[in-house]
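Participant: Listed below, chain by chain, are the residues.
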Amino acid sequence: MADLTSRLGSLTLPNPVLTASGCAASGQELHQFFDVATIGAVVTKSIMMRPRSGRPTPRMAETPSGMLNSIGLQGPGIDAFLEKDLPWLAEHGARVVVSIAGGHTDEYVALARRLYDNPAVSMIEVNISCPNVESRGQVFACDPAASGRVIGAVRRAADPKVPVFAKLSPDVTDITVIARACAEAGADGLSLINTLLGLAIDTDTMAPVLGGVTGGLSGPAIRPVAVRCVWQVHQVLPHLPILGMGGIRTGLDALQFIAAGASAVSVGTAVFGDPTAPARVLAELDQALDERGFAAVADAVGVAHKSVAEPVKEPA
Amino acid sequence: MPPVQEVGEIFAVQHIGEYYQFTVVAPGVAASFTPGQFVAVAVGGDNTSMLLRRAFALYGATPTGDFAGTIQFVVAEHGPGTQWLVRRRAGERLDLVGPLGRPFQLPKRTVPAVLVGGGYGTAPLIPLAQQLIETGSDVEFVVGAATASRLFGELAAKRVVGAVTVTTDDGSAGTHGRVTDVLPAAIQRTKAHVVYACGPMAMLRAVGDVARAHSVSAQVAVEESMACGVGVCMTCVLPVVDDDGQSRFVRSCVDGPVFDASRVRWDDVGSLPPDLVGADAMGA
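Top line first, the protein sequences correspond to chains A and B.
With my numbering applied, the first sequence closes on residue 316, and no number is skipped along the way.
With my numbering applied, the second sequence closes on residue 284, and no number is skipped along the way.
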């Protein structure tokens with residue numbers, strides 16, 4: 001049994017497997033299939049200030065080894081979240097990473113304030129990269145200055161005891177530029193990666209499949225992109241904790257992210273096909289670490305970089 | 001009881017018209033099944049590129065007796081997922097999650113009911129009919145489809161109920177026309193207080209309209225495209241009027257699949273009506 005204790009900034013988790021934002025609602029539904037207290041943490045759907053209807057249907061298209069979604073951040077808003085969902089998670093012993101999203105820096109700040117000094121909140125993940133928000137011009141995650149402004153403002157407004165992670169979009173020329181901007185603005189860590197923007201066309205109707213036209217691509221199809229992003233960011237910011245995600249379906253998938261530099265991982269789209277996926281991935285990862293002789297998951301974080309920096313020499 | 005995930009052996013696959021009727025050993029799903037609920041089936045096998053489950057209304061479940069612990073559901077071949085599924089054979093295993101969704105609500109007192117099935121939408125109505133008859137209700141069936149080969153459950157309906165009216169759009173079986181052409185007469189004949197229906201969206205809407213015109217309630221089971229089936233993905237939403245009079249996008253998988261037809265805003269399916277709760281936040 002490897003030591004699975006994982007650290008994300010000042011937060012210590014009993015193990016490194018979390019849910020992914022938007023793939024676990026607020027935990028209640030998945031608790032029917034596994035105990036939400038047994039995984040590292042539940043990452044909530046992105047919470048916004050006001051109730052939000054989301055986009056018209058169709059909202060989903062299955063694609064090879066993945067899916068496109070254009071939910072449009074449907075949610076009840078922060079009041080209902082604080083009243084119902086967060087207390088439920090606390091009562092059931094789950095550690096909670098609250099994902100927040102907004103249309104303006106002020107909205108992110110207001111959300112961070114509403115979460116201040118709440119013992120049920122373990123961490124804040126700032127969704128600055130969701131390609132689904134209606135205001136396409138304001139995808140903060142594609143602009144280093146805008147990303148830094150939001151993250152700096154959230155860090156200043158949020159409870160100092162609670163780590164603030166920025167969730168980045170892979171749809172940028174150089175993700176390390178955005179990562180540095182967030183780090184310099186005070187991010188305690190990064191969540192890598194959000195979905196990739198995609199589009200599918202129905203060849204019977206000759207029109208886009210999704211009501212929102214474009215959608216976010218997730219699932220194993222994006223895993224190599226995600227592992228590459230984790231690798232690149234860990235290379236330039238080796239001391240900044242990374243929560244890795246993107247197409248993790250098995251314990252070995254999770255181990256790839258950890259070896260690339262992630263301290264913990266989120267299991268997202270896999271949940272739609274297998275509601276026990278987070279618990280299963282955790283068990284598989286535990287076994288995979290044992291089989292490879294790791295005494296602790298922390299020892300595996302970023303190890304793949306060593307193989308490249310110091311290539312193993314052939315024996316003389 | 002909460003839904004379970006279990007791997008079950010296929011006991012039989014019967015080819016009926018254009019459909020495939022599966023009987024699968026799944027005691028966990030069978031144990032708490034109520035008519036109207038569905039099962040979500042993984043397709044494609046290990047390491048498949050098809051990540052999402054396919055949802056099927058449960059046709060029956062046998063918790064006890066000779067076929068104890070089996071469930072039945074009906075599959076129509078549509079895309080790659082169902083093409084894989086209909087090629088499975090007895091002895092192979094399926095990964096199932098169920099029973100899922102809110103079932104049909106039985107009337108509080110014994111009243112006559114008309115059950116309307118379109119295509120393989122008749123499947124979940126057969127166990128409902130059994131339940132209604134056990135509680136003493138008079139039940140009539142209307143079973144329709146585009147053409148004769150797409151009818152399902154006509155014999156089963158006759159066995160359970162006796163009074164069955166068949167319609168086909170092309171006249172290849174039964175009355176030439178749609179289920180809603182014969183529904184008013186069935187409601188009047190039976191003095192029905194409630195209509196139950198399952199089938200394509202346009203049919204459900206039309207059934208709801210007929211029911212309202214006759215001042216009877218209609219419970220309809222929708223078949224909306226789903227990703228997870230368990231309530232976490234928010235893809236299968238419909239605009240529905242809530243108890244507080246406000247409309248919201250609600251999940252077909254956990255808030256349905258059975259809805260009061262008068263609560264569904266059929267005109268607005270596939271759009272974003274501006275008076276929906278939270279629609280004002282979408283432009284922000």
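Hint data in this document are derived by calculation from the structure and do not stem from the laboratory.
A few of these clues could be false.
Partial selection, computed: residues in chain B whose CB lies under 8 angstroms from chain A [what the hints assert, rightly or not]:
(1) Q5
(2) M50
(3) T62
(4) V97
(5) C228
Chain B stretches covered by chain A per the calculated footprint, using a threshold of three residues with CB under 8 angstroms from any CB of chain A [as the list claims (entries may be wrong)]:
(6) 178-187
(7) 230-242
(8) 262-271
We treat Cβ as the ideally placed atom computed from N, Cα and C, and that holds for glycine.
Participant: Provide an ascending list of the numbers of those earlier hints which the structure does not satisfy.
Facilitator: 3 and 6
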